[in-house]
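Undergrad: So you can see what is in the structure, the chains are spelled out below.
Protein chains: 2
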Amino acid sequence: MTSIVRLVAIQCSLPNLHDNTGDIDRIRKNVIRKGFYPLRVPLECVADLSVNARRAHFQGVAVVNDMGDHYELIGFESGPPPILTGMALDLGTTHLEASLVDLATGEVLGSAHRPNDQIEFGTDILTRIHFSATPDGLQILQKRVIATINSLAGDLARGCDLPLTDIKALSVSGNTTMMHFLLGLDPATLCREPYIPVVNSLDTLHACQLRLDIHPLAPVWIMPSVGSYFGGDLISGILASGMDTGSETTMLIDVGTNAEVVLGNKDWLIACAGAAGPALEGGIARMGMRAGPGAVEKVWIDAETSQIAYTTIDGEKPKGLCGSGIIDLAASLYLAQIIDVRGKFNPERGGASLSETADGLSFTLVADHHGDKGRPVVFSQLDLDAMMRSKAAMYAILTTLINQVGVGFADLDTIYVAGSFGKHINPKSAITLGMLPDLPLKVFKPIGNSSLDGAVKVLVDQKSRKRSLELPKEITYLELNVNHDFMIRFSGARFIPHTDPSLFPSVPIFES
Amino acid sequence: MTSIVRLVAIQCSLPNLHDNTGDIDRIRKNVIRKGFYPLRVPLECVADLSVNARRAHFQGVAVVNDMGDHYELIGFESGPPPILTGMALDLGTTHLEASLVDLATGEVLGSAHRPNDQIEFGTDILTRIHFSATPDGLQILQKRVIATINSLAGDLARGCDLPLTDIKALSVSGNTTMMHFLLGLDPATLCREPYIPVVNSLDTLHACQLRLDIHPLAPVWIMPSVGSYFGGDLISGILASGMDTGSETTMLIDVGTNAEVVLGNKDWLIACAGAAGPALEGGIARMGMRAGPGAVEKVWIDAETSQIAYTTIDGEKPKGLCGSGIIDLAASLYLAQIIDVRGKFNPERGGASLSETADGLSFTLVADHHGDKGRPVVFSQLDLDAMMRSKAAMYAILTTLINQVGVGFADLDTIYVAGSFGKHINPKSAITLGMLPDLPLKVFKPIGNSSLDGAVKVLVDQKSRKRSLELPKEITYLELNVNHDFMIRFSGARFIPHTDPSLFPSVPIFES
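In the order they appear, the protein sequences are chains A and B. Quick note: to get the working numbering, add 66 to the position in the first sequence (first position is 1). Quick note: to get the working numbering, add 66 to the position in the second sequence (first position is 1).
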């Protein structure tokens with residue numbers, strides 16, 4: 067293991083009249099001899115290091131932080147501590163997910179998640195960026211997210227019966243805006259041409275600099291970003307998938323607040339990102355929710371009888387629709403011809419399930435008496451319109467990217483689909499809607515929360531940390547905000563499955 | 067100039083859609099290209115760096131700290147600031163002396179000094195070490211010395227009409243105990259066999275870590291020590307004298323709380339230290355005082371008439387005796403045969419100037435009506451005994467050291483004498499007492515406050531900083547506390563000039 071915090075066995079000669087080297091210099095010399103160079107000793111640690119080393123007669127275990135470009139001697143124990151842990155964090159716009167990792171073995175000891183408390187100041191990231199420009203706005207957002215991270219650390223520590231300060235490292239991957247909020251940096255220029263972050267890559271921090279409750283000198287590894295719309299979460303995704311190590315060209319799709327897509331292999335990587343996610347994300351769509359208990363995730367509609375069937379996550383009473391549920395529902399509605407190729411409800415086919423509401427025609431998936439707390443689950447024309455924009459954006463992103471390098475979809479044997487989107491989505495439904503390309507289903511490989519997995523990797527593996535710093539330099543980033551090709555492709559994708567149905571041979575076309 | 071804070075001219079290309087590199091990464095790349103690598107950017111600076119760089123359209127001057135093993139980007143200005151200053155500090159047991167240095171030119175802009183406020187908790191260092199072991203003792207001592215440094219910084223800044231935060235660097239040389247107090251480190255083992263410091267060499271700190279009022283990210287360079295009795299002040303002395311660069315063997319004597327002596331040349335250096343100073347230091351001897359206005363510095367006594375003449379520093383009314391005054395007085399008393407070879411007052415020769423007091427026979431140098439505030443200046447047998455111990459220790463230190471390497475005093479063309487001791491002392495008198503070896507007077511070269519001069523050097527010159535880190539490894543330290551040879555030599559030196567008068571051919575011997 068080459069984890070971010072290392073235990074180094076130390077055997078120093080004892081101080082004597084012929085060797086009056088200072089305590090710290092004595093230990094430092096020994097640690098350097100083991101290959102940890104350059105090595106710094108923070109002033110805060112000096113007194114305790116000296117006391118502990120003397121008590122242990124200079125025989126024991128040194129605790130060494132790997133800070134990237136140097137090492138740090140932060141502790142001395144008479145023997146190896148029973149456990150050495152680090153926290154990996156996926157810092158999402160709507161949700162934070164964390165794992166506690168045994169830094170000696172790489173084993174995940176526990177997991178926890180919490181909603182992002184910043185949501186009070188804006189469900190979407192743009193509203194929060196605007197809020198951050200108000201007096202104290204940025205500080206409030208920073209405090210909120212740090213409080214949430216502290217709560218998560220508390221959850222993890224309690225779960226393993228450890229004191230909080232036993233968490234001795236933290237790695238964070240998140241989108242560029244969330245990173246700015248975490249660091250208290252003004253995100254104003256992220257969403258304005260030419261979309262420049264304050265910083266892409268930061269030196270390793272200490273937990274105390276962010277007022278975190280874990281060990282104050284725990285190294286905090288912030289996954290670097292490539293640009294405003296390509297965050298450290300996607301660098302984590304690349305690390306987790308390993309797509310940058312093989313000679314085969316693969317694609318990685320991560321749908322969160324944005325759809326972020328990377329294409330490439332060990333020789334080249336190209337990436338782009340666009341706003342394809344919001345309509346699919348919990349908290350944004352009217353009936354949308356996170357992929358948690360009670361979320362409708364699969365839907366079937368009998369094309370003949372219009373009879374509806376669905377499943378919810380954990381089998382709980384239906385509360386709303388997660389991203390995969392929305393896609394499954396929309397695809398089913400299309401196949402049942404309740405919506406047409408333009409993505410509009412067809413009142414003649416919807417029957418009693420369709421009713422006029424303030425949001426236009428709406429489809430009642432779950433009647434109120436079947437819903438959680440007696441509330442129905444309804445999908446309106448407004449929700450549908452948002453979904454159509456998202457699916458069109460997604461397909462436009464994928465095709466723009468793939469055309470940029472002269473590769474065809476058919477050349478891809480693997481498309482990694484990250485996140486809960488990848489975990490729950492039925493690729494068949496996404497293909498039906500023209501959101502994902504019409505490829506054999508086995509091509510689509512869900513890889514779970516790759517943002518979190520990448521964060522775990524950098525905690526335990528030095529090569530991954532080095533790689534994460536190199537990756538941003540190797541990636542060609544395609545800016546879609548000003549891409550004419552993308553705009554054209556977006557328009558073409560605003561039909562089900564597409565204005566050019568020959569791209570989707572497996573999808574039935576219904577003449578309206 | 068390769069000063070500890072550097073201004074680096076920067077011209078970055080402007081951010082655009084084809085180069086969306088973050089602000090900090092953009093500047094960092096440019097600074098690294100100028101040779102400042104590895105380069106770190108403290109989180110505290112990131113927001114301001116970005117704002118300032120954008121305002122200046124990424125054309126301007128970067129402020130870069132040289133932290134020893136890495137650089138730090140801490141500021142960005144549209145043009146070079148009018149002045150860039152650093153503070154050099156000699157951290158003495160009784161007194162602190164500081165200079166404000168223009169880091170661009172090396173020019174000393176101003177100087178200031180203040181008594182060490184720790185004196186309230188012990189005039190001598192051993193009393194303070196004991197005090198530091200009482201509850202909160204160490205913290206109190208640390209706070210005191212930091213408050214004094216802040217006051218000095220205020221004096222210097224006011225003197226140059228600068229805000230305190232315009233002081234952008236600090237270098238400190240002091241003895242090992244004072245360094246422990248400054249850093250809040252327990253000095254208990256410094257004065258107990260085997261005399262081990264907590265730390266010899268510390269990484270460069272930031273001013274805020276010590277709660278200093280100068281620029282919070284000012285690098286603080288603490289001159290490393292060799293041992294408990296060989297502090298950073300003497301490393302500074304070596305740097306200031308340049309004795310480590312020539313092929314000629316020279317000696318450096320620094321008398322402060324201890325007498326510290328170095329012998330050597332560019333190929334080898336040997337050093338030792340011992341308690342030879344206290345009797346000569348202001349605040350320790352009954353009538354002793356710092357070499358300041360009103361201190362008697364030179365004394366003549368006519369051997370025939372016993373008539374007394376003296377001068378004071380700045381010609382003010384006599385207040386007491388500084389170290390050089392004590393030596394001059396004792397030598398004159400010996401030559402007038404008012405004290406004998408054993409260092410005892412001879413009542414038969416002293417006449418009316420000698421009177422019996424609680425401290426034994428006492429010599430009135432200045433009658434009350436001539437003294438400052440109507441107080442006499444008196445030199446007692448107790449003071450004389452202390453002086454005899456000091457002078458014996460000094461000569462024993464010098465001979466032990468010189469014999470260790472098989473060099474003779476006659477081989478030395480230069481003996482650097484540091485500090486106010488070197489500035490004010492009459493070497494002839496010191497030779498008469500048998501304190502310094504009987505060599506031509508031109509051999510003795512006063513070099514002023516070399517502790518302060520060395521601190522100035524490390525502020526402005528990178529080679530000196532590197533050298534100060536190498537020197538401790540090159541110096542052979544001779545521990546006198548357990549040295550049998552030293553003990554014998556000490557006994558032999560407790561006569562005036564010595565039990566072996568042939569060592570001092572220029573000094574008259576009076577048979578008692």
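Hint data in this document are derived by calculation from the structure and do not stem from the laboratory. Any given hint might turn out to be false.
Note that the list lumps identical chains together, so a pair holds whenever it fits in one copy or between two copies.
Lysine-lysine pairs mimicking DSBU-like chemistry, simulated, CA-CA at most 30 Å apart [what the hints assert, rightly or not]:
1. K209 - K383
2. K95 - K364
3. K511 - K100
4. K494 - K209
5. K539 - K494
6. K364 - K100
7. K95 - K332
8. K494 - K508
9. K383 - K539
10. K508 - K100
11. K95 - K539
None of the values given here were measured: they were computed from a predicted structure.
Undergrad: All hints, please: hold or fail.
TA: Status of the hints after comparison with the structure:
Taking the shortest alpha-carbon separations for K209 and K383, neither the intra-copy value of 35 Å nor the inter-copy value of 64 Å comes in at or below 30 Å. Proximity of K95 and K364 under a CA criterion of 30 Å is satisfied in neither setting, with 61 Å inside one chain copy and 50 Å between copies. In this assembly of identical chains, K511 and K100 lie within 30 Å of each other by CA distance neither inside one copy nor across copies; the values are 42 Å within and 46 Å between. For a Cα distance limit of 30 Å, the shortest separation of K494 from K209 qualifies neither inside one copy, at 42 Å, nor across copies, at 70 Å.
Proximity of K539 to K494 under the C-alpha cut-off of 30 Å is found in neither arrangement, the shortest distances being 35 Å within a copy and 71 Å between copies. With identical chains, the CA atoms of K364 and K100 are never at most 30 Å apart, being 55 Å at best within one copy and 59 Å at best between copies. For a Cα distance limit of 30 Å, the shortest separation of K95 from K332 across copies, 25 Å, qualifies, whereas the shortest one inside one copy, 39 Å, does not. For the identical chains of this complex, K494 and K508 are intra-copy neighbours only, at 11 Å inside a copy versus 99 Å across copies, given an alpha-carbon limit of 30 Å.
In this assembly of identical chains, the alpha carbons of K383 and K539 never lie at most 30 Å apart, being 48 Å within a copy and 74 Å across copies at closest. For a Cα distance limit of 30 Å, the shortest separation of K508 from K100 qualifies neither inside one copy, at 48 Å, nor across copies, at 51 Å. With identical chains, the CA atoms of K95 and K539 are at most 30 Å apart between copies only, with a shortest distance of 12 Å across copies and 35 Å within one.
Comparing the model with each earlier hint shows violations of hints 1, 2, 3, 4, 5, 6, 9, 10; every other hint is respected.
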